[in-house]
Amino acid sequence: MKYYPNIPDLNANSSINLLLKRAKENRTVGIEEYETTGGYSALRKALTRFKPEDIVIMVEESTLRGRGGAGFPTGRKWRFALANPKPRYLICNADESEPGTFKDRIIIERDPHLLIEGMIISGYALGAELGFIYIRGEYPAGAMILEDAIEDARKKGYLGKNILGTDFSFDILVYRGAGAYICGEETALIESLEGKRGHPRLRPPYPANEGLFGRPTVVNNVETLANIPIIVTYENYYMNIGPAGYYGPKLFPISGKVKKPGVYESTMDITLRELIDMAGGMRDGKKFKAVFAGSLGIYSEKELDVPMDYSPKGFGGTGTTIVLDEDDCIIDSLIVVAEFFEHESCGKCTPCRVGTYELLNILKKFQEGTATEQDIKYLEHLCENIPVGSICGLGYSAPNAVRDALKKFRDEFYMHIEKKCPAGVCFKS
Amino acid sequence: MEKVTVKIDGIEVQVDKGTTVLEAAKKINKLIPTFCYHEKLPIFGGCRMCLVYDVKSKRSIIACGSYVYDGMEIETENQQILNDRKFILEMLFTRHPLDCPICDKAGECDLQNWGTYWGPQNNVLPITPFEKIRPEDDWESDYLEYVSNRCVLCIKCVSVCDNINQSHSLFQLERGFETLISPVTKPMDSSSCEMCGLCVDICPVGAILFKPFKYNARPWLLNETFTHCSLCSLGCPVVIDHDGKKIYRIRSTAELEICAKPYLGYDAYNTNRLKNPKIQGKDVSFDNALEFIGQIISQNPSKTALVVSPYLSNEVLEKINKLGITTTSIITLDLLPLLEGFGDYNPPDFEEIKNAEHYVVIGDDITDTNPVITYYMKKRVVYIGEQLGRIKKLYPNFIQAEGRGIIEKLKENVEEGSVIVYSSYFFGEDAKYLGEVLRKLQEEKNCKVVIVPPYPNGFGIVNNLKRISSFVKTLDKILSGEIENLVMFGEEISLFVEEEKLKEIFSKLKNKVLFTPFDDGLALVCDVVIPLNTWVEEDGNYDFFTGQKKSKTSIKNSFKNTEIIDKILKHINPTSNLIEGFESDCTIPEWINRFKTNIWDASYFSLRSENLTNWKIKNQEVLNER
Ligand SMILES: Cc1cc2nc3c(=O)[nH]c(=O)nc-3n(C[C@H](O)[C@H](O)[C@H](O)COP(=O)(O)O)c2cc1C
Ligand code: SF4
Ligand code: SF4
Ligand code: SF4
Ligand code: SF4
Ligand code: FES
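Here the protein sequences come in this chain order: A and B. Each residue of the first sequence is one higher than the last, beginning at 1 in the numbering used here. Each residue of the second sequence is one higher than the last, beginning at 1 in the numbering used here.
Extracted from the complex, chain A is given alone in its bound form:
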């Protein structure tokens, strides 16, 4: 087997063995093993038994929602693109850069053919002849693995001209990003693919109408696309996986103060509390403090029973779960998140460009002990206004964590004004 550098030995476990069927151990599954464990049978089934339209209907009925963060129904997104003439493009968004998110890499690094098979079937359904995988620059091994897997798939006739002897042709190109979170935003990704600066585009037009090089384009997350072979394999049985309306497997990347951080696969009827238990519960018998849900916000102890689904009150998003315990300081953690957004804001629009910068600066005052009550007002002022004029999701969500913290951990702000840090991170008492 080929050696690929820098693959972390992540924990991975599953109660349902769908997405992580082959990916629980830290090794890359080659094409032969993939085939002998049922791989590419969904593709064969799709190409021989179904018309593209059948697949689209299947995906619509599956209730599959995008796993890239926005949770948009995948079937509906495909419909939009299908309403526009060919050529259409399929893009796999593998830019995975949100803080605490590492679920896509496990599919890419351990079971790349699952993604590739998903892309080929999706390409078939969408009438696309070319797909792109935009992978973040910090996943060099992932890019190599995908390149090799694609080559293997080509050799076996799963990619290229006349796949499996049908008149369907499809190929995939891997494109490495250059280290910008914003290039995970689908329109910035498209700009980047076109060789331009990674600036989100104004919408409308949406990519489904005018995407890559002005053509109708579907951008889907790695995990979303990895669900496609499972949907085709299980057909109606897919609707037995998980709760009504939110069918299908979901990956949850958990990090922080749990016993076994890693990627966990489950149906979406579990709660945040159960998920933390899946990861072995709190480490060192420490008391739970909060969960940072990537860029979505903060959950406190009171909210541990939130369902991990895409309902309005559900956890949603990418499923990213960063667990904090009593030794962690909310302010300190907020600064880490704020630094991330300040650094990653593309700078196209004023509220996000300046707002994320000022947000960080005010937060730092709480850690430095120079903050006053007025600064809480300033934070609220920024949280309220930054999203209004922002172009993309980065600006919308940049203040989320601060806003939640101001609601749920407000006393910690006041304590920091008094130069006290309950966790002893910012000030030693």
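One should not assume that every hint holds.
Claimed, not checked - Here are the computed distance ranges between Cβ atoms for each label pair:
no.	chain 1	residue 1	chain 2	residue 2	range
1	B	S57	A	S311	46 to 54 Å
2	B	Q80	A	P205	23 to 31 Å
3	B	I133	A	Y175	31 to 39 Å
4	A	K51	B	P120	40 to 48 Å
5	B	D138	A	R283	50 to 58 Å
6	B	L82	A	P205	47 to 55 Å
Bear in mind the hints are in silico, worked out from the structure with no lab data behind them. Note that the coordinates shown come from a computational prediction; the quantities given were computed from them, not determined experimentally. Note that beta-carbon positions come from the ideal geometry of N, C-alpha and C, so glycine has one too.
Guided by the hints, dock chain B with the ligands onto chain A, whose structure is given.
Here is chain B with the ligands on its own, set in the frame of chain A:
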């Protein structure tokens, strides 16, 4: 076109489908503040200054990048929008140095203006002046300067450089709050930068400065004259900022058409100007000087010849007819024979030309002679000729040829429907032959022929003078003693006749009379010199490629070119038994120079500009590379 009805602040307005909210608002004179929008640039939509309220979707949307739909209701100044505007301005002001007193843009700064109307009027976030700093970027230019602290990152400068002049000289360095606008190549003065100043003019704040203008004037104390640049046959619309005595800058209008010749070269008009007439180096009154000239002409009209400059306005040219003496011009060398070969020439529409699929450029380097037309052509050009000047800027498909070979190659390489652009290069018979070929290509291959002489009013001479004699023959007559007095308008003769030959010609003359704006150069060797107004000092119409257009007076002098000729006329009895008609040059002797056709010394104006001359030295590397 499908119409939709929109309500903006209660006022109904009917517009075409596909109109933006901002354009619709403009129709009813509703002011919506903007930073990143410009009607000639692609929509960027980043500054968010133009937020308006969409009543139906209950959201703030950007006016510049949102399209109207039927039944749309927009509020531009409700409480939410006023709050939004205040917040955007607050964000732009938090780290802005507020150094308006020493900022060149003060008085014409959008941030200042919008801030006054809609800004928070106080420091919202507690940022001290010491914290108002951003990283800096030295553009390493003698002409342009970037003040990052003032930049609102509207990206219009990059956009104008990418989309209008297409020189792609600027880019965004870094990301987010740390973003800086930076030249692609440093030092900038030897880069692809056109020195058109569009980035300076389009910057809504004082973040890009034109160094020669810096600290020189407060814009609100200057008069602005909207006029047309008369430095080549394009006649771009420009604005001259002046105080009636001196020009402080020449800049672009919203049309965004300007090149370095006026932008950098504005200083020529303030340099070494001739104020008074002189006879043998001594100041004399206008009356005396003009009487003297009148005497020369009337004493022996058939021994006197006139050379007119294609920089003269139609009004002046028209009057020159009345002098009734042999008149010639350098256009008999190139433009006239060309038109003779071509026949009636009607220039195609400029707007149409701008959007052509591809161009065939022949002869001289039009990136130097007529820069603005080349802004629109990059990467779509077949160039046939010698590898001249800076033509590489167009990334042309290059076909090497010289002399008549160019015309032969042209015939072989022109595709159906091409746009053929030609400034100058061929003289005499060659020019005539080219004219014939171009006519054929226009008719047989449906080509559009664009003739853009390097000088402004060549067509004006053709249209307004009743007769022109051959340039070469006129000079021959001086050498043979047939002509003794030469009255020159402008300095072309010194650019087109080899120095030794010119000395010889001048040695044969009894009277050398020169009308010139400048108190140097040829003025030092002529017997009588009279001041001349340039296009910035006297109203005048010019027959540009883009049609007849007017240049307007910025600086008022005590005299007028037209009046000067009137006064000469008083002293002569024009008998005018000269035969009307045009005589172009056929054979071109060795001692005729071809054009010095580059931005820097294409005309006797540019030659005088210190800015252009210094830039040339800096740009030499780029030139040598070619
Ligand atoms: C700032 C920002 C970063 C994003 N990064 C990613 C990413 O790394 N991976 C991803 O799949 N989606 C990311 N998204 C979401 C994409 O814009 C897009 O919604 C998603 O790729 C669609 O795929 P899905 O429908 O399969 O979720 C990001 C969005 C924003 C606003
Ligand atoms: S919201 Fe932020 S990241 Fe998104 S376009 Fe605006 S500046 Fe860029
Ligand atoms: S002066 Fe003109 S060419 Fe030079 S950077 Fe500015 S816009 Fe671009
Ligand atoms: S320099 Fe001026 S034009 Fe360029 S981005 Fe900054 S503010 Fe805009
Ligand atoms: S292109 Fe010609 S008319 Fe236009 S600004 Fe330059 S010199 Fe003047
Ligand atoms: S003017 Fe509309 S966003 Fe800048």
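Verification of the supplied hints:
For S57 of chain B and S311 of chain A, the hinted distance range of 46 to 54 Å is not satisfied, since their beta carbons lie about 24 Å from each other. Restraint check, Q80 of chain B to P205 of chain A: a C-beta distance of roughly 26 Å satisfies the suggested window 23 to 31 Å. Separation of I133 of chain B from Y175 of chain A is about 37 Å and conforms to the stated range, judged on CB atoms against 31 to 39 Å. For K51 of chain A and P120 of chain B, the Cβ-Cβ distance of about 60 Å falls outside the hinted range of 40 to 48 Å, so the restraint is violated.
Remark: the range hint 50 to 58 Å for D138 of chain B to R283 of chain A is upheld by a beta-carbon distance near 51 Å. Distance hint check: the CB atoms of L82 of chain B and P205 of chain A are about 30 Å apart, inconsistent with the given range 47 to 55 Å.
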